Structure formats: structure tokens, C-alpha cells
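Trainee: This is what each chain is made of:
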Amino acid sequence: MTTLLEVSGVSVTFDGFRAINNLSIAIGEPELRAVIGPNGAGKTTFMDIVTGKTRPDEGKVLWGEKSIDLVRMSESQIAKAGIGRKFQKPTVFEDQSVRANLSMALKNKRGPFSVLAWKATEADNARIVALADEVGLTERLEHRAGDLSHGQKQWLEIGMLLAQDPRLLLVDEPAAGMTPAEREHTTDLLKRAAKTRAVVVIEHDMEFIRRLDCRVTVLHEGSVLAEGSLNHVTKNQQVIDVYLGR
Amino acid sequence: MTIMTSPETITPRRSFLRDNPSVLWFMGLLGLFTLIVTLLSEGMGMGVISTNLVKILGMTLCLCLIAIAMDVVWGYCGILSLGHFAFFGLGGYAIGMWLMYARTEIVIRDSLGRGAIPPTEREVSEGVASQIFGVVGSSELPLIWSFAGSLPAQLALVVLVPGVLALVFGWLAFRSRVTGVYLSILTQAMTLALSLYLFQNDTGLRGNNGLSGLQNIPGALEVPQAVISVWFFWASALALGLGYLLFAWVVSGKFGSVIRAIRDNEARVRFLGYNVEGYKLFVFTLTAVVAGIAGALYYPQAGIINPAEIAPIASIYLAVWVAIGGRGRLYGAVIGAAFVSLLSSWLTGGGAPNVDLGLFRIVWTDWWLVLLGLGFVAVTLFFPKGIGGLFDYLVRKQP
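Protein chains in written order, with the numbering used here: chain Y, 23 to 268; chain C, 2 to 400.
Just so you know, these hints were derived from the structure itself, not from any lab.
Keep in mind the model is a prediction, meaning the values are calculated, not measured.
No residue lacks a Cβ here, since even glycine has one placed at the ideal position from N, Cα and C.
It is possible that part of the hints are untrue.
Just so you have them, the derived chain C footprint on chain Y, three or more residues with Cβ under 8 angstroms [unchecked claim]:
1. 100-108
2. 114-123
3. 250-263
Which stretches of chain C does chain Y cover? Using the computed rule of at least three CB atoms under 8 angstroms from a CB of chain Y, they are [said to hold, decoys possible]:
4. 256-268
5. 301-308
Capping the alpha-carbon separation at 16 angstroms, the derived lysine to aspartate or glutamate pairs in EDC-like fashion look like this [what the hints assert, rightly or not]:
6. Y:Lys213 <-> Y:Asp235
7. Y:Lys217 <-> Y:Glu156
8. Y:Lys217 <-> Y:Asp235
9. Y:Lys111 <-> C:Asp265
10. C:Lys386 <-> Y:Asp117
11. Y:Lys102 <-> Y:Glu161
12. Y:Lys141 <-> C:Asp20
13. Y:Lys217 <-> Y:Asp187
14. Y:Lys75 <-> C:Glu267
15. Y:Lys213 <-> Y:Glu156
16. Y:Lys131 <-> Y:Asp146
17. Y:Lys82 <-> Y:Asp146
Next up, chain C with everything else stripped away, as it sits in the complex (with noise of 0.2 angstroms):
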């Protein structure tokens, strides 16, 4: 039984699903946890598992697909992005749009339509305006709201919004040949210029104040959070499945090689012919833009979303979160994702006791930092491969 594939042949002649079985290994356990979590649901099921924690499984799921993304950009490309979680947010920014503006022109229409006359649909936009941007003191709808009331163009705008900046920034970069730390540090700079920027209150986000009461959905406002949140979870599910399966295509072939042969000696690949730029830029922007999705995800069932979300250090979080997974393997990015983003919550929510030393308290919600990055080290001194990295020695002890 081999649980894990020895990605780095290319054998001819052979199916994608049989040179990678620990794909199907992950389509499998996938499949079941979502069942198990249906089964056991508030919404759906027994009632075991409560819709917070639901909303808590699935948003984890979001965590794992970005980390992927993070994987293929840096343990297999090489490119150290610490500016993925922008992406991220960016996704989530452009569908919290649609859920507030559509939810609020719900509640306006029902209020205005009590009247005598029916409301013009000036008046409409008007009191939507108001009533979103009235917290920072505007009442006029922002030019880059101009498709917040259509579904569609902002789903488009998912996946255009991260990816067309995604390609701009990666196209002045990788031209330049920026590379290594220095790289990093303009991923560093573009995430924190970003999260800045909509710190201010007239760039037509609501500055700190965020999107908000996304866990409501228009068109489903009567149904209850416990059935939606089972919903998102199936979503965060699929996309999982499907990112992943994504993923594992592209760097199982020939791809993939050319790839993880920039990663080692970008300047030899550019002497076999190859345009590293050009397999960069398709990288960075193609995992930009998986990030868009899943954060797209991600915060309906979050709820809320604001600038704090895109600060720097959460792309550096999530640098950490596949470092300690495992580079240069998805399910290890799956792994690393979800348990250190589990054991988060569950430590900084107060759900762990805290540790009585006599002189002094350890209370977790504080040292949960410091247990992390001594964790980060230990795993960056001894363990460079990772949780996922002991897989490797499953495999070589049943051959």
C-alpha cells in the first residue's frame, strides 16, 4: 500500500489517478469528513457538531486550499509570496460586496415599500448608499460598487480582481528578475500597502469597519445559519477537491518539472530554453487567483471581513502553516493548514486549560505566538520536510 507517489518521474504511458494515488487518498478522506460533518451536523444531521463549528471545519477548508496555493507558489516554484492572503482577501472583499449591497437592498426595498408610493429605484440606491456607508459618514455609492447588486459580475470579479493584480505586480517583479528575499519583502510591501489603503475610510470599503453580516444570504435570508453553514461547507469542500486536483495535475507533469527545476537553478532553466518569467508569472497568478476563490469562501462564513484580515503577518502565518505541513507536497499543505489553524482557534478561543506553573501562568491566548514560532523553528531545524515529510518513512517501511 504506498500512500504517497514519488512525484518527481514523469513514467510514460501511465494515468494521472495511478501515478498519483495520494490524490485519490485525499478525494477519498475528503469525501468522507465532509459526509461524517453532514452526518453529525446541527443543520442536517444529529446535532453533534455545532454550526459554529461548522462554519469553524469550513473555513478551515478555505485555509487548506489557499495553502495549497502557497504550496505550488513556494515549496514547488520556489517563489517565497508573503503577499498570498491579500489575494485571499481580495476574494473575500468582492462577493462581501454582492451579500451586503443585495442583503440591504432587501431591507430597504421592504421599508421604503411600505409607503404609499412605491420607492424609484433612485431612491432605492440611495437609501442602500446611506445606509452601508452612513458608519463612515458618506452616503453616496463608491464607483468601484457599480456591480455590487449583480451576483454574476462580482464572482467575475473573484477571480479578476486578484488575478489581473496578481499579474501586474508578478509581471513588474519577475521582469526585473526580482528574486529570493527580496521578492518576499515586495510581496511583504504590497499586502501592507493594501491592507493600509483600506484602512482609510473614503476608499469605498468601509475602512476598518470592513463588510460585514456576510453570513446572511440574500435570496436564502429565511434560512437558518445551521443549514448554511452545512452549504459553505460543502462548497469549501468541492473547491478543495477540485483546487487540489488542480494543482496536483499541474505540477505532475512536465509542468511541474519545469517548475520545481526553476525553484532549484532558475538561471540553468533559462539555458534549456524555458521563459522562467513567463512560468513565474503563470504560477503566481494562477495561485492569486485560487486564493481569490478561497477567500471568497471563506468569509461568508466568517461573517466579516476587514483590513485587518489582509495585514502582513497573516501571509506570513500561512508561509508558516506549509513550512511545518511540509513543502513540495499538497497534503502537506492540506495538513499544516489545518492543524495549526485548529490548534489556533482552539488555544486563543480559550477552549484550552491553561497550564498552572506555580511562579506563573502559561494562558495560552498569550503564548499561543510563542508556541507557534518555537514550533516553527523546531520544524525548520529538524523536521525541514515537514509533517507531511513522515509519510516518506510509512512509504519506506511497507515497500
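Only chain Y is shown next, with the shape it has when bound in the complex (with noise of 0.2 angstroms):
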């Protein structure tokens, strides 16, 4: 397992609120991590940082082989260099069919001349169809997004994901409003992605997070207050202190 993604010494202020403060995170490939912490911990502007939305005050966050600084970098650029990010909320473009939210996503070229020329090929279609397929939705492809469940929304987004082929996916509550066994449907999606790529979930849900079975980095006011596996961080004093025990 090499390291991917390396955050060092990350800070970020909102109006004299220190969100991110001295961050330092590693993952690797391929590696599955989850993200836990309390309300205001700083996870999702964790993700936020990587992907480019928000630019951090100071530090570095470190990408690939060449450890380019994504700090520079726009949403699009970093989305191109292979980072792919499911929201919380799950946003899927609900007046388009789920074929086009999957052929959007698609790992072809993004610039508006090879779109526009753009035609899907033997192999994007089969593609669209195992990615459908992959996340339950080969029933629905000619749909409109709208009208799916909310479940099967964050996994059309998840799907997005997957199709643009990432190497790192940050998935911010992949199973809000989901039902048992919608849960446990996502838990082996999010495994099986993770055998050949690295994924970072934040989750709230023990549960869940137990059932991933994976290293856990437990963040709080901004920083990373405790990193290992989930027994592991569970029986830490102060992850009881200012997450568990509540």
C-alpha cells in the first residue's frame, strides 16, 4: 500500500472559526477509511479541502506519485486527476435520466468540442450497464433520477462515482435515510470499490462503520484526535470523552 493522498499541517478559518486546524492525514491505495468525529469536527471540510472547494489557509495537501499540490488546483482539474466525491445530500441531476447521469460520469474527455462530438460506443454502453448494474439501478437506466428512492439516489451518486473511475473516493454519509438492508447493500459496494482504490467515508453510524471494517481516523476541532481500528479507538478516553459518551 503506497500512500495517495497526503494531507500535512492543514488549517482553514471561517470568520474566525478555526474549521481545520494542523490537519494530518495519510491514505493510501488501496485502503478503505472511515472518518468519524463529532458535529463541527471538521469532516466534511475535510473532503471540502481535498476536492478544491474550499482553499485552506496554510498547509499542503499532497496527490499520487508525483505529489502534486492540489491546493492550486480547481474543482475540475482535481476532479480530472482522478479524486471523486459522493455529497451529503445526494445530488444527482433529477431532471435526467439515470443513463445520463451515469454518461456524464463517464471517464471520457470533459472539453465542450469532444462533448459535443461525443457518441456512446459499444463500450460506454456496456459500461453504463455494469455500473447500473453494480449499484441496482439496471431496471431504472431509462428513468428520470427524480423519481428514484432516496436510496437509490446515493447509490446512482455512488455509481457516478465509480464511473469516473476514480482513485480516491470521498463519500460524505453514504447511508443517511437508508433502510438495513439498503445499508448493507452500500457497505459491499463501498468494499468492493475499495479493493482497487482508496475510499474515505465519513459516517456517523457505529454500525455501519463497524460493518466496513476498517481503519477509523476520529477527528475533533479540526484535527485528528485518534487513528486506528475501530476497537481500537473505541476504548481511547478521550474519543469517549468528546464523541462516544455523549
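Assembly of the complex is requested from the two constituent chains, each provided in isolation within its own frame, with the hints serving as guidance.
Mentor: And the structure:
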């Protein structure tokens, strides 16, 4: 396992509030990592920084073998470099079909002119069907994404993530609002994805984390409080005080 | 029978036209309309439709063309540009310069040629300049008229001037991530600034006099207006047809998917790896160019262009047409532009009878704007899909 993403010494302040405070995290490839922590611990801000949505005040976010600094890149450049993100609230393009949603996410050229000339090849269609199959939406390919259930939207978004074929997936609360059966399916999806790539999951649900069975990072007040297996961190007295004890 | 298609799905391995039957319908209806107008026109047919009405219909087709451009930039891509009429006007000015220059040149050569010695080029050019610019107290040809004598050059400017302005303006605005109502205000400011600038007498475009006599086509000065009006009607119909085809193709595929996605959630599109600003710039510029072409066909039919044409209100009307016709569907924009602009010229042209209510009279020339405003509010509140939305019911009833 080699280091794919290295966040080091990152801090960011919003209106005097220090959301991220000298945060350092390293993610390997392949790896499945869960990030937990109380509200306001900086979990989502961490993803915002990695994906270029928020610029840190200081620190570095190094990516890949060449250690490129992501801080200086735009959102779309970072996405093209191989980082995919799923938001807390499912954000799919509701007006368009499941197929169109997946098709947009497919790993193809992204420039306006190449997209204008784009025609789905045999391979593209096969990939779309395979992705739909993977996330259990084969039957709904031609349906409006807006007509899907909440859980199905979450899956569609995960499918879109996989379609981008990213090296790192950042997944923010994938199981929120899901039924137990849907949660199980989601766990399987993420575990399968993590066999070949790096997957970082933010979650509140400890049962879900337990099922992921992976290394856990606990954030608190913008920095890492503890890191290790779930059993290890849940025994940590500080973690119990600030997070689990509540 | 389906009139409209579902443009929201990209179905693999199907032809563009089979996927978009509305394009075939539109082309058929446009062709039929062109044929009927030609057969009934004064210049070429039975003379039922007056030359003036042929011109109004031809101009309406040009307005439909800019309306579909507006629909693509607003209805599909979500950029509420309130400045597209500036591009329309610039296209008109570009072609108007050639029309005015070339016609004046013919007149000047004619009058100078009567003398004993043939005129020098310098004399001709000075004559043209004082003829055109005498009205603003100048007799020198401004620099921007350097190519006015060349039709190919001015035709190129029809595309280039709106295109480059849109490119530069769009690049500055989108790069700074100006969106929503702020962008609308910025585009209003652009068209207002341009209009105020052109009102100045020393800008080289004859200030508030504008360019006139554009209905006379150099090289065809002997041809009666009745015939020329049909030519321009044909050209407008052709341009609308091609523009419709172009935009229907642009919005049908994955590109259409991406710009609709930008409209609905541009941040999410960025995280998919698309350069949102590039797409917006592309759409903004392409539609500006089409608006310029529409303007270049409109003003020779109108006969005159002046800076009032690109006042901010014109671009707002454009948005109203598209909203009333139905955003996000090209034929909706056509219906809206045709319906509202024809209704407007009927009501304000004195064609409609005034209504006597006893206490006061509704004089349509005054009350038209009130009617339009109420109509706009009603559509926004009760029929957000506009007139075009009615087709959805038709399709649903006949599966």
C-alpha cells in the first residue's frame, strides 16, 4: 500500500472559527478509511479542502506519485486528476435519466468540443449497464433520476463516482436515510470499490462503520484525535469523552 | 403520434432525427409556412399578403431565431442573459454599414460621373463620408468603416463582433464565477453601456440617427421591395431552420446533458471534472453569434437601426418571450417570440379595436405593456412551462 493522498499541516478559518486546525491525514491506495467525529469536527471541510471547494489558509495537500499540490488546482482539475466525491445530500441531476447521469460521469474527455462530438460507443454502453448493475439500478436506467427513492439516489451517486473511475473516492454519509437492507448493500459496494482504490467514508452510524471493518480516523475540533482500528479508537478515553460518551 | 420527444434521455444507437421528432415537425411546419407566405405574397404570388406584412413575418422569424438562442443560454444552460439583444443589434449594425456605404457609393459615383472628368477614388470616398456623416456634422469616414465597402468583410463582422464581445465579456464574468441575478445585472449593464455609447454622435455610427435606408439592397436597387421582402423572408426562414437544427443537435446529446446539469447544480458538475466556465463561455458565445446573424437579417427588413434597439428593455422582452413560450424547449421559444411579438405589433400598430368600458377606454397602444406584464406574471405563477407546456398534455393524452 502506497500513500496516495497526504494532507499535512492544513488549517482553515471561517470568520474566526478554526474549522480545520493543523490537520494531517495520509490515505493509501488501496485503502478503506472511515472518518468519524462529532458535529463540527471538520469532516466535511476536510473533503471540501481535498476537492478544491475550500482553500486552506496553510498546509499542503499532496496527491499521487508526483506529489502534486492540490491546493492550487480548480475543482474540475482535481476531479480529472482522479478524486471523486459523493455529497452528504444526494445530488444527482434529477431532471435527467439515470443513463444520462451515468453517461456524464463516464471517464471520457471533458472539453466542450469533445463532448459535443461524443457518441456512446459499444464500450461506453456496456460500462453504463455494468455500473447500473453494480448499484442495482439496471431496471431504472431510462427513468428520471428524480423519480428514484432516496436510497437509489445515493446509489446512483456512488455509481457516478465509480463511472469517473477515480483513484480516491470521498463519500460523505452514504448510508444516511437508508433502510437496513440498503445499508448492507452500500457497505458491500464500498468494500468492493476499496479493493482497487482508496475510499474515504464519513459516517455517524457506528454499526455501519463496524461493518466496513477498516481503519478509523477520529476528528475533533479540526484535527486528528485518534486513529486505528474501530476497537482501538473506541477504547480511547478522549474519544469516549468528546464523541462516544455523548 | 408524438409531437415532442423526451430530450432528457440519451438513448444509444439511434439517429438524431428519430430521437427528436419535434425537429422534423418544426422543419415541416416552417417549410409549409414559407411556401404559403410566398404563394400569397405581393412580390411572388397572389398578392393577399402585403409587402409590409411579409416584412413583419420575416422579422418575426429573426426574432424567433434569437429567441431559441436565448432559450439555449437561459432555458438549457441557466444563464439569464439580459444582454443578448446587444449582440442582435451589433449584427444589424455590421450589415447596415455595408448596406449604407455601398448604396451611398453608387449614388455618389452616379452624380460625380456626370461631370466631364471621371471622379478619383478619393473624391468618391469623401463624397460617401460627407453624405453619410453630414447628419452628425462630420465628413470623415471613421476608422471602423474601413471595411464598410466590402460585403464579405462586413459579413465576417456580423459574426466576429458579437462573438468577440461575448467571448471577452463572458470570459471575464464566468471566470470570476459571477452567477444568477448578478450576471443578469452585468449583462444589462453591458447592453445599457453599449446603447448609451452608440447614442453619442462621435462614435462613428451616426449616434441616435442610426443607420437607415437599409431596405435598399446595393446591386438590387432596381428590384421592387415586394420581391426583396420575399428574398429576406426566405433567408430568415432558412436561418431559423438551420439555427433550430444546430441548437437541437447541441442540446440533444451529452453536451445538452452537461449544460442542463450546469443549470441545475453547477458545483456538482465541477466535481464531475467538467470545466463549467468553459461550457458557459461556449454557450454564451455561440448564442451571441447566432443572435448577431439574426440581427443582420432583421434590420434590412426593418430598414433602420438605431441605438434604441439595443436598450436594456429589448433584452428583457426577449426573456419574457422565452418564459411565455416555455423555457427549455426550442419550439417553446419560437412560439413565445412569434406569439408575443406579433400580438405586440397588432396591438400597438393600431390593428386592434380599442375597448370602451364607459368610465374609460382601453387604448391598446398604452395598455399593451400592462397586458404583457400581467401575462408574464400569470405565466410565471400558473404555467411555469409556458405555452409550450401545453404540448406535454397533448402527448400524455395520446400515448
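Trainee: Hints first: check each against the structure and report whether it holds.
Mentor: Each hint, compared with the structure:
Counting residues of the stretch 100-108 of chain Y whose CB falls under 8 angstroms from any CB of chain C gives 4; the rule of at least 3 is met. Counting residues of the stretch 114-123 of chain Y whose CB lies closer than 8 angstroms to any CB of chain C gives 7, which reaches the minimum of 3, so the coverage claim holds. Judged by the Cβ-Cβ criterion of 8 angstroms, the stretch 250-263 of chain Y is not covered by chain C as claimed, because only 0 of its residues qualify and three are needed. Proximity of the stretch 256-268 of chain C to chain Y, defined as three or more residues with a beta carbon under 8 angstroms from a beta carbon of that chain, is established by the 8 residues found.
Proximity of the stretch 301-308 of chain C to chain Y, defined as three or more residues with a beta carbon under 8 angstroms from a beta carbon of that chain, is not established by the 0 residues found. As the CA atoms of Y:Lys213 and Y:Asp235 are separated by approximately 9 angstroms, the hinted pair is consistent with the 16 angstroms bound. For a cut-off of 16 angstroms, the pair hint linking Y:Lys217 to Y:Glu156 stands: about 15 angstroms separates their Cα positions. Distance hint between Y:Lys217 and Y:Asp235 is fulfilled; the C-alpha atoms sit about 13 angstroms from each other, no more than 16 angstroms.
Distance hint between Y:Lys111 and C:Asp265 is fulfilled; the C-alpha atoms sit about 15 angstroms from each other, no more than 16 angstroms. Note on C:Lys386 and Y:Asp117: the hinted pairing holds, with a Cα-Cα distance of about 14 angstroms set against a maximum of 16 angstroms. Simply put, Y:Lys102 and Y:Glu161 have alpha-carbon atoms about 29 angstroms apart, too far for the 16 angstroms limit, and the pair is violated. Using a Cα cut-off of 16 angstroms, the hinted pair Y:Lys141 and C:Asp20 holds, with the two alpha carbons roughly 14 angstroms apart.
Only pairs whose Cα atoms come within 16 angstroms are accepted, and Y:Lys217 paired with Y:Asp187 is accepted, the gap being roughly 13 angstroms. A C-alpha spacing of about 12 angstroms is found between Y:Lys75 and C:Glu267, which places the hinted pair at or below 16 angstroms, so the restraint holds. With a C-alpha separation of about 13 angstroms, the suggested pair Y:Lys213 and Y:Glu156 falls inside the 16 angstroms cut-off, and the hint holds. Between Y:Lys131 and Y:Asp146 the alpha-carbon distance is near 13 angstroms, which keeps this suggested pair within the 16 angstroms criterion.
For the proposed pair Y:Lys82 and Y:Asp146, the alpha carbon gap of about 36 angstroms is over 16 angstroms, so the pair is violated.
Hints 3, 5, 11, 17 from the list above are not met by this structure, while the remaining hints are.
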